[in-house]
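> Spelled out from the first residue to the last, the chains are:
Protein chains: 4
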Amino acid sequence: MSCTDRIGIVAAVSGFLAQHRMWIVDAKHHADPDTGRFFMRQEVLADSSPFGLEELRRQFESIRQKFEMSCTIIDSDELKRVVILVSRQAHCLDDLLYRLRSGEMPFDLRAVISNHDDSRAFVEWHKVPFHQVPTDGTNKDAAFREIDRILQQCEPDVIVLARYMRILPPWLCEKYPGKIINIHHSFLPSFVGSRPYHQAHDRGVKYVGATCHFVTQELDQGPIIEQDAFRTNHADTIDELVRMGRDVEKAVLARGLRYCLENRVLLNGRKTVVFD
Amino acid sequence: MSCTDRIGIVAAVSGFLAQHRMWIVDAKHHADPDTGRFFMRQEVLADSSPFGLEELRRQFESIRQKFEMSCTIIDSDELKRVVILVSRQAHCLDDLLYRLRSGEMPFDLRAVISNHDDSRAFVEWHKVPFHQVPTDGTNKDAAFREIDRILQQCEPDVIVLARYMRILPPWLCEKYPGKIINIHHSFLPSFVGSRPYHQAHDRGVKYVGATCHFVTQELDQGPIIEQDAFRTNHADTIDELVRMGRDVEKAVLARGLRYCLENRVLLNGRKTVVFD
Amino acid sequence: MSCTDRIGIVAAVSGFLAQHRMWIVDAKHHADPDTGRFFMRQEVLADSSPFGLEELRRQFESIRQKFEMSCTIIDSDELKRVVILVSRQAHCLDDLLYRLRSGEMPFDLRAVISNHDDSRAFVEWHKVPFHQVPTDGTNKDAAFREIDRILQQCEPDVIVLARYMRILPPWLCEKYPGKIINIHHSFLPSFVGSRPYHQAHDRGVKYVGATCHFVTQELDQGPIIEQDAFRTNHADTIDELVRMGRDVEKAVLARGLRYCLENRVLLNGRKTVVFD
Amino acid sequence: MSCTDRIGIVAAVSGFLAQHRMWIVDAKHHADPDTGRFFMRQEVLADSSPFGLEELRRQFESIRQKFEMSCTIIDSDELKRVVILVSRQAHCLDDLLYRLRSGEMPFDLRAVISNHDDSRAFVEWHKVPFHQVPTDGTNKDAAFREIDRILQQCEPDVIVLARYMRILPPWLCEKYPGKIINIHHSFLPSFVGSRPYHQAHDRGVKYVGATCHFVTQELDQGPIIEQDAFRTNHADTIDELVRMGRDVEKAVLARGLRYCLENRVLLNGRKTVVFD
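Chains as they are written, first to last, in numbering that gives the first Met the number 0: chain G, 0 to 275; chain P, 0 to 275; chain S, 0 to 275; chain V, 0 to 275.
No lab work stands behind these hints, which were simulated from the structure alone.
For clarity, every value in this text was computed on a predicted model and none was experimentally measured.
Among the hints, erroneous ones may be present.
Heads up, the list lumps identical chains together, so a pair's fine if it works in one copy or across two of them.
[Stated by the list, open to error] Lysine-lysine pairs mimicking BS3-like chemistry, simulated, CA-CA at most 30 Å apart: (1) Lys270 x Lys27; (2) Lys79 x Lys27; (3) Lys65 x Lys27; (4) Lys27 x Lys126; (5) Lys126 x Lys270; (6) Lys139 x Lys65; (7) Lys126 x Lys79.
Working from the sequences, and respecting the hints, build out all of it.
Dropping the structure here:
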């Protein structure tokens, strides 16, 4: 939940939980002095709740209204629906599929969409629908409308651009605000746009990184969810940056997606609050 | 504060603060499932409190008793009294003196004690009392009794072994439980005891670190407050490990001391809870 | 190559390469002042060599003898033969299979051996032979003899224990000296033996790590090839350490194996020289 | 040294050293495939050289000419002359003075120049000349001419902008090419210009860093020598970024300066080769 900061928010929420004997597993809050907003995440043991989900929402409504909270109450057992978009480079896709398959990161993978067919066999081996939608032809717009059609069928909670390498048209970004996350292979705001490893190599930086961020209409300008970087030096070629970068991209995207799946990310203007 | 975990602790405390219109600047809690203990730190704007410190303690007493809390309520404007013990290597001492002098880390440095005289001029330039107490002679016990005498005069809240290189006798450790912190130049529990950089070099590890921990009677076994490490490889000599290590030691000790000065460290058996 | 350090080694080798107009792609050396040994790795463009591999070895022989070098001259195009041993946890296996499949890390994977059958389908999808050899029964010795039989057929250059969780008998370790690498899920020498994440959690360390090392008869005491660590704090449960640890294990093992495949690791007593 | 890459450079240089029985302590080289340049650094034990410095230069001249090397041969015992420019924030200055005073990083500190007088007492306690040159008045140009006059007297090998906070005029930058190093408090190329911690906070990045680079006429665009970064999150205020940043700035500048003092930095267009 988030709302305008004032005295008594934590008291009201924790008082409500205590009154109904609900056991808090994890609680985090953050007050942003710049925007005057207050953010909170409470994780409660479902077994300790006297209410089902709907009743809980009803019971909490008066507090929500009093503080004019923007508030989401969800059951963490309900799997989030996810669609992954991927291009030729499949390291992030492979990484997420393993985390899914092994039970480390449970979600409901509705589909994988790609402009190439390379990953079909591997994705289908996981019994996940695979859609090839080429975007290189003359009719790009038709391609993105086809992608939108698939997305609509999947009703995704999160759309993951796992090194998708195509820029989504503005109308598509607008349609899923706060739902599309991307992994960009640079330490944003450094090296926006294409070929960031080449840009980094040209500039001679001593660390190279990756950034998981929400997609907005402005390229690579959306709120940052997670980042990481690795050491490099004059001896590393672009090929070596690409190779080392893959490992950081995988790790950063996996963390970013996990934060989203576990409702740990709250938007705060063009920034995020991440209760990791 | 810390107490046995149960429902209603946060509700009671935040309810108390809200009722008296006190503004929470920072709040952190942690429930340890292993020990069943609950830990909490609340930072409240003094101006927003209707009570002085003594009255606040009185008002809070009923909640404290109800939950059988071990609880400390302090005024962060009151400087903590600190004594630093140092040997020949003065990099940690220099680092802490700069943080003190520049106002970054305010504390009341009552004295610096050393078995050597090298740092006298520098310490006295800061108008801080310097005591040389040699410990190499025949009468070690007398030396530590002299150190204890100085400590008693200083009434320290925190005693910092800033690369002191002498092992305190058990009776002295016992006298200041939870008040003595040490910087050990290894990534504990690796390389306990003397010459840890030599041990690390011999073993061929690829990272070398430093550990800030509470001093107990068992050498290098006290609760860990903070750690960090740096990359090394086959080409680094012991001298280079020592040089690189100094920078990590300084940083780790400064963070550890700051956590103590700001009451961010709570003991949890042989472990710590650090609300950083 | 490695040999006793003396004047003229680099001159002799680089003189030989220059005389035959061979183009050096990468050159690294290291002189160990403790042991008086000198280590060198030269990567030469095959096309620039006037000799085939056998002739090159013959031509170089007089220099090798003069300096009593222990020396290996290989063709980096020839794939190394690898066997992977794995238990239930398959994250390292999955990671290595992706690197193999995508062409990032080329090697000749002769077989995967496991005490469980879980990974069979995934391994066989890659057209790699999978052998289940249970080790929990009464006849452990027979199991390891069966493993040895498979290994002998595979003639591996590198045997990878990718979270194998079984201790190899000494006679098997001895049979493949410098060829077996293991990923241990702690920051060695901390937390040797079983359940290192539990040990780390108990000790309250602030970083947790993973170590790739050569397997010798002494458990977790072999020469360290690569390590890494991640930040943790009081709030992380053992399950979270295990989850975060997997990512570091994968990365550390992949780097360690790559160093071996590219002949970047030289043994120096109980330590390694890694020309990364 | 650096020169156009071709076969035989290492052979010629190491052959020369071997012929005269000179003992190589450390040797590093790098061939840049983009520019076709070859870079090398050889550290030789002075006692093993049959020549003094002048004679060594003469003897080496024919090799230097043959390969058209840009080459510097120096005696590492000869201290480099350094001038430090500083503004109000003195953490980097304090850090460098400790390294100087303790013998960790020997150099000949000819002067400290500042636009403020705050650091005078501390600098003069070290018996180092301190010059206050205010730059805020109407005649900025006169101020920088005064600074240039002091620099000329000092004949510096390295000029260190240790959080100087003033932009040097182009004519002054041009006068000391490859000799002025700066510490910028951001992870360049992110957040060029003023108040980078504010910019980083506004953008919501998850790591914040510092960069040591050569000063050229273009602000914050010079070749990067060294960088590092630290983790941050939504809860860190700008004041906390500033505090944590100081520690990274100190460390990065100290490493960058050490590389310069030990002749480990070679310029390669707008990038550096750092033989660390």
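> How would you label the pair Lys139, Lys65 (within, between, both, or neither) given a Cα cut-off of 30 Å?
neither (48 Å within a copy, 58 Å between copies)
> Under a CA distance limit of 30 Å, which applies to Lys126 and Lys79: within one copy, between copies, both, or neither?
within (17 Å within a copy, 33 Å between copies)
> From the Cα coordinates, with 30 Å as the cut-off, is the pair Lys126 and Lys270 best called within, between, both, or neither?
Neither. Shortest intra-copy (36 Å) and inter-copy (46 Å) distances fail the 30 Å Cα cut-off.
> Cα distance capped at 30 Å. Does Lys65 pair with Lys27 within a copy, between copies, both, or neither?
Cα proximity of Lys65 and Lys27: in one copy and across copies (21 Å, 24 Å).
> Up to 30 Å between alpha-carbons, please classify Lys79 paired with Lys27: within, between, both or neither.
both (22 Å within a copy, 29 Å between copies)
> Could you figure out if Lys27 and Lys126 sit no more than 30 Å apart (CA to CA) within one copy, between two copies, both or neither?
Neither way: Lys27 and Lys126 sit 37 Å apart in one copy and 43 Å across, limit 30 Å.
> Can you tell me if Lys270 and Lys27 fall within 30 Å by alpha carbon in one copy, between copies, both or neither?
Both ways: Lys270 and Lys27 sit 17 Å apart in one copy and 22 Å across, limit 30 Å.
Violated hints, in rising order: 4, 5 and 6; the structure is consistent with all others.
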